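**Q** Sequence:
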Amino acid sequence: MMMLDWTRRAACLDLDPELFFPISMEGPSQSQADRAKRVCARCPVREPCLAYALDTRQAYGVWGGTDPGQRRELSLAEPRENVPARPLRGGH
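Going by full-length UniProt numbering, the first residue of the sequence shown is number 1, and it counts up by one from there.
Hint data in this document are derived by calculation from the structure and do not stem from the laboratory. Quick caveat, the model's predicted, so the values are computed rather than measured. For every residue, glycine included, the Cβ atom is placed at its ideal position computed from N, Cα and C. Hints are not guaranteed to be accurate.
[Unchecked claim] Now the in silico label distances, taken between C-beta atoms and shown as ranges:
1) S75 - K37: 14 to 20 Å
2) L76 - F21: 18 to 24 Å
3) W6 - Q70: 17 to 23 Å
Turn these sequences into a full structure, and let the hints steer you where they fit.
**A** So this is what it looks like as structure tokens:
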């Protein structure tokens with residue numbers, strides 16, 4: 001698999017990937033997710049990482065400084081394509 005160009009500059013490149021995939025986002029695993037997010041906070045490619053996670057609908061792990069719940073909220077907040085902003089008026 002070809003490595004995405006931005007991944008070569010990621011702060012997590014040489015870290016254990018398991019840090020970014022806690023068993024859950026609650027309880028003791030929350031501190032693991034927080035450690036991963038601190039790595040992301042200083043990462044020069046945080047934005048493309050988050051965009052990749054949103055585009056590919058990554059359901060697990062910390063990507064671009066976000067956990068799965070945060071990415072779901074971001075996805076829901078994004079305007080949907082091909083859906084009118086208001087009801088259409090007029091004929092059928």
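**Q** Evaluate each hint against the coordinates.
**A** Hint-by-hint comparison with the structure:
{"no.": "1", "hint": "S75 - K37: 14 to 20 Å", "in the structure": "18 Å, holds"}
{"no.": "2", "hint": "L76 - F21: 18 to 24 Å", "in the structure": "23 Å, holds"}
{"no.": "3", "hint": "W6 - Q70: 17 to 23 Å", "in the structure": "20 Å, holds"}
In terms of the numbered hints stated before, the structure departs from none.
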